[in-house]
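S.K.: As they're listed, the protein sequences go chains A and B. Taken in order, the first sequence gives residues 9 to 458; the numbers are from this note's numbering. Taken in order, the second sequence gives residues 9 to 458; the numbers are from this note's numbering.
If you're looking for bench data, these hints aren't it; they were derived computationally from the structure. Just so you know, not all the hints are guaranteed correct.
Pairs involving identical chains hold if they fit within one copy or between any two copies, as the list cannot separate such chains.
What the hints assert, rightly or not - Below, computed lysine to aspartate or glutamate pairings styled on DMTMM-like, alpha-carbon distance capped at 20 Å:
1. K149 to D195
2. K359 to E47
3. K387 to E67
4. K149 to E77
5. K149 to E79
6. K387 to D16
7. K149 to D184
If you're wondering where the values come from, they're calculated on a predicted model, not measured in any experiment.
Protein chains: 2
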Amino acid sequence: MDQVNVDDVLAELREALTEENWNLAVEIVEALRPPDQAEVFHELSPDSQDELLPRLDPEDSADILEELEDEDAAEIATRLETEDLVPILKRMEPDEAADLLGDIDPAQMSEALSVLEDPDEIRTLLEHHDETAGGLMTSAKVVLHRGISASQAIQHLRSLDLASEDIHYVYVVDSDNQLVGVVSLYDLLVSESGTLISQIMGHDVISIPASADQEEVARLMSRYDLLALPVVDEDNHLLGIITHDDLVEVLEDEATEDIYRLGGIPEEQDANVPVTSALKTRLPWLVLNLGTAMASVAVLSLFENTIAQVAILAAFFPIVAGVSGSAGTQTLTVIVRGLALGEINPRRGFKALGREVSIGITNGIVIGLLVAIIALVWKDIPALGLVVGAATLLNMIAAGFAGAAVPLFMQTIKIDPALASPILVTTISDTMGYLIYLSLATLMIIQFLG
Amino acid sequence: MDQVNVDDVLAELREALTEENWNLAVEIVEALRPPDQAEVFHELSPDSQDELLPRLDPEDSADILEELEDEDAAEIATRLETEDLVPILKRMEPDEAADLLGDIDPAQMSEALSVLEDPDEIRTLLEHHDETAGGLMTSAKVVLHRGISASQAIQHLRSLDLASEDIHYVYVVDSDNQLVGVVSLYDLLVSESGTLISQIMGHDVISIPASADQEEVARLMSRYDLLALPVVDEDNHLLGIITHDDLVEVLEDEATEDIYRLGGIPEEQDANVPVTSALKTRLPWLVLNLGTAMASVAVLSLFENTIAQVAILAAFFPIVAGVSGSAGTQTLTVIVRGLALGEINPRRGFKALGREVSIGITNGIVIGLLVAIIALVWKDIPALGLVVGAATLLNMIAAGFAGAAVPLFMQTIKIDPALASPILVTTISDTMGYLIYLSLATLMIIQFLG
């Protein structure tokens, strides 16, 4: 099947809905793959969504709610009657069903749980915080006992009649439900029929405690190239498994979080959140930024006389402070990303710091010279060229130092360097820039005029 | 097995190497999992690496070269004799072997290829560009013909004696080698023995042309939650498959690329590249930044007289230009990430633009008022408060507009918005800030003094 043009499908679907041709609308949606179903569904008006969802096969409705963003799914579920919601919940992956129930009204949640056949499975999953290993896990569908044979294992798998996509490994436990091994489906498939599971299983199982952060989940799964990660309690009892679709989501989430934080937005949110929610995260950060900018304002006001005497000095602020600030941001970016990817070991931070300071010196010499020449040629004042060039050189070094030292220090005191560093590095490179530049200029004026 | 403390292992290993106790050194390395082997190996001196590698089982050496960063692996391979390199290449995944050969000296590559038993497999892979689907694919190890039965398929798998980890799906072709279906190992495992492959295979196979960009690979695999993606030529002939470890790498690469570009570094590189290579990517960008900063310099020099008359005006530059610039960066971050994740449809860009401008207006009113109050209380000059506040409000709106309009426009003309936007948005918010602020101030001066 080729890829779907969502816009075309959406036009067809909207026409069917306008004509109240429900059969055709259902047919259009059910012909799509789940992620495409969710994208098309998301574009419909709430009224159309409410008309369409109960008419779909609950299997498809479950797929759609799983694929939608959590908040969108919760909004739609809230508008459903419990009798329409429960059949859908039953067909969702237990972890997705738990996430959805955790996001809706508690009263509606209890009502739904009271109607479900096996509410304990979901209740257990509801206990864990969303961004921990426990919050990501789903119940393990196939668990084998170490004493059985490979052919018994295959019989057992046949009897379960599962949807095939999610199963790639099978975990093995002892009589105490402690995790002791893992068998890949491939090994099971090619094993001789008499073989015992304990003979073909791998003993080297990587697992994670339920309380571990999702970042640790992503690190383990991507480092060891795992398609599934078993979650255990303190006594190594198997609680559930995390599947690789969660890995992809966590990787994207963590990257988005870093990008947002480096861009001065402390909390990740969808690009389409309401303006008021966007303001709630962005405005406090700008107010904080206003506070730190006051350091520069204070420095500049100290030099009011110098500026009044030689107003052209102000024309070079965008270079002395601005371009050095860009160099600081470059350094900050490399260090923050290097720390996130494990390329930089914070204990060996001095090496990175030395590297960035030497880059700052070289950048400073080149940019400083260029600026000095520009100032000289343009204004024909040698002293101005000297001051602008020297200040740019010195501030490039300061910015390189701050761009490396601040995130390394943040990491050491366990504050996310992507969060706190941008505002600090900018403040330092701005304030230092003005201070160095205007101090040099004042000295020069005293020299010449005094 | 628990997780390894790399520093402890490294200390032990270094001691064994100093004592030239090769057996112990080999034992220490071979007890580790491949990613840990590679990390430990990477920390050794080149001399120790050269002593140790030929003593390891070629299987382990192959794992280490696969896990290392491409440049590091190439550096080590270059120092090996061809007779030591070839047994390692044989045990590497074909795609990894091709990547490695593509990175070493062409003469050494030809020599190695001439000794390999099946050089054509690797030669074919060498033809594709690294960052395309063809460059990521490896040869498909198991391909079934649609006419055979499930039990024949299982027999065939047994006869191949493969390492189990990589196989989760098996692809099905017709007599013309055209891709017609996919079977999961699970479906194979639970199938009745007489069943034909064509009866259990899925017909809805998502595939990708060899020339497609790796970003498209990541998009398809993460959207449709695929563990493997078959690569085809124009006539739908199966050329190879991309495995999920590549997906994780591509996702990390693409995120790093966006983070670097937003941070003013046009080309992604390891945090530990030599200073000269770092300068080669960063310095030209700073020079470009110097060029765009000249726009602000020009605006400021136009207003030299205004600044000379009221030097305290300069003290508020960090707010009028700087804090508005931060607001512009926030908007830019949301739009660039939203475009990358597909949350924002560039064809519906007007909606996002309108959103960001209204956020700019609200931010502008709040920050503008605060700044006006600060200026008024501090300097007790109502006119100053008015000018600073009004300029901040107007520039916040301009920054919000630029932060959204620039990346949306870049996306439309097919330039990566993460690359070109930061420098343009900063230039616009700086230049507009100075222009608005000093124009208002000049008008005010004329009003009062003129």
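S.K.: State for each hint whether it applies.
M.R.: Verification of the hints:
1. K149 to D195: both (18 Å within a copy, 16 Å between copies)
2. K359 to E47: Cα proximity of K359 and E47: across copies only (18 Å, versus 47 Å in one copy).
3. K387 to E67: neither (74 Å within a copy, 68 Å between copies)
4. K149 to E77: The answer is neither: 25 Å in one copy and 36 Å across copies each exceed 20 Å.
5. K149 to E79: This pair counts as neither: shortest intra-copy Cα distance 27 Å, inter-copy 42 Å.
6. K387 to D16: neither (61 Å within a copy, 61 Å between copies)
7. K149 to D184: Intra 18 Å, inter 39 Å, cutoff 20 Å: intra-copy only.
In terms of the numbered hints stated before, the structure departs from hints 3, 4, 5, 6, listed from lowest to highest.
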